[in-house]
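Turn these sequences into a full structure, and let the hints steer you where they fit.
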Amino acid sequence: MPAAKREKTMPTSRVILASGCFWGAQELFRSLPGVVSTRVGYSGDDDTPNATYRNHGDHAEALEVIYDPSIIRFQILLEFFFQIHDPTTRNRQGNDIGRSYRSAIFTTTEGQMKVAFHVIEAICESGFGWSGTGWSGWMSVVSTRV
Numbered sequence: 003m004p005a006a007k008r009e010k011t012m013p014t015s016r017v018i019l020a021s022g023c024f025w026g027a028q029e030l031f032r033s034l035p036g037v038v039s040t041r042v043g044y045s046g047d048d049d050t051p052n053a054t055y056r057n058h059g060d061h062a063e064a065l066e067v068i069y070d071p072s073i074i075r076f077q078i079l080l081e082f083f084f085q086i087h088d089p090t091t092r093n094r095q096g097n098d099i100g101r102s103y104r105s106a107i108f109t110t111t112e113g114q115m116k117v118a119f120h121v122i123e124a125i126c127e128s129g130f131g132w133s134g135t136g137w138s139g140w141m142s143v144v145s146t147r148v
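Per my numbering, residue 3 is the first one in the sequence shown, and the count goes up by one each step.
Since the hints were made in silico from the structure, they are not lab data.
Note that the structure is a prediction, hence the values are computed from the model and not measured.
Simulated crosslink set (DMTMM-like; lysine to aspartate or glutamate; CA at most 25 Å straight-line):
id: 1; residue 1: LYS116; residue 2: GLU127
id: 2; residue 1: LYS116; residue 2: ASP70
id: 3; residue 1: LYS116; residue 2: GLU66
id: 4; residue 1: LYS116; residue 2: ASP88
id: 5; residue 1: LYS116; residue 2: GLU81
Written out as structure tokens, the structure reads:
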């Protein structure tokens, strides 16, 4: 194909994040520079393929984030993720209760997994986090699963 007709494609990366209600998370993530696209859905339950709102088994409400790592680092995405929800409440976000609303990071590479564990460790060691009414000292342990 002639050089003039080749389209330049940007390298992208993909991660799936569960932080409670996926609609709110989608609205917040899509505004970040470097986020190319987002898509809501369900993730985390191999026993329920093709999950729907009425039949999602043990899936978590999740957000697929496609991002350009040359613009936004994965660590920055995770730091934002931890700012927009309470990672210390197990199977709950606000008034939404149940495993569908758990906090989870579904990584797609070994590198992402390492960064995710590092960020969680740094947050826990900082003693700073979500208290249920605002950011302050941790009220409990981070329950986010990787």
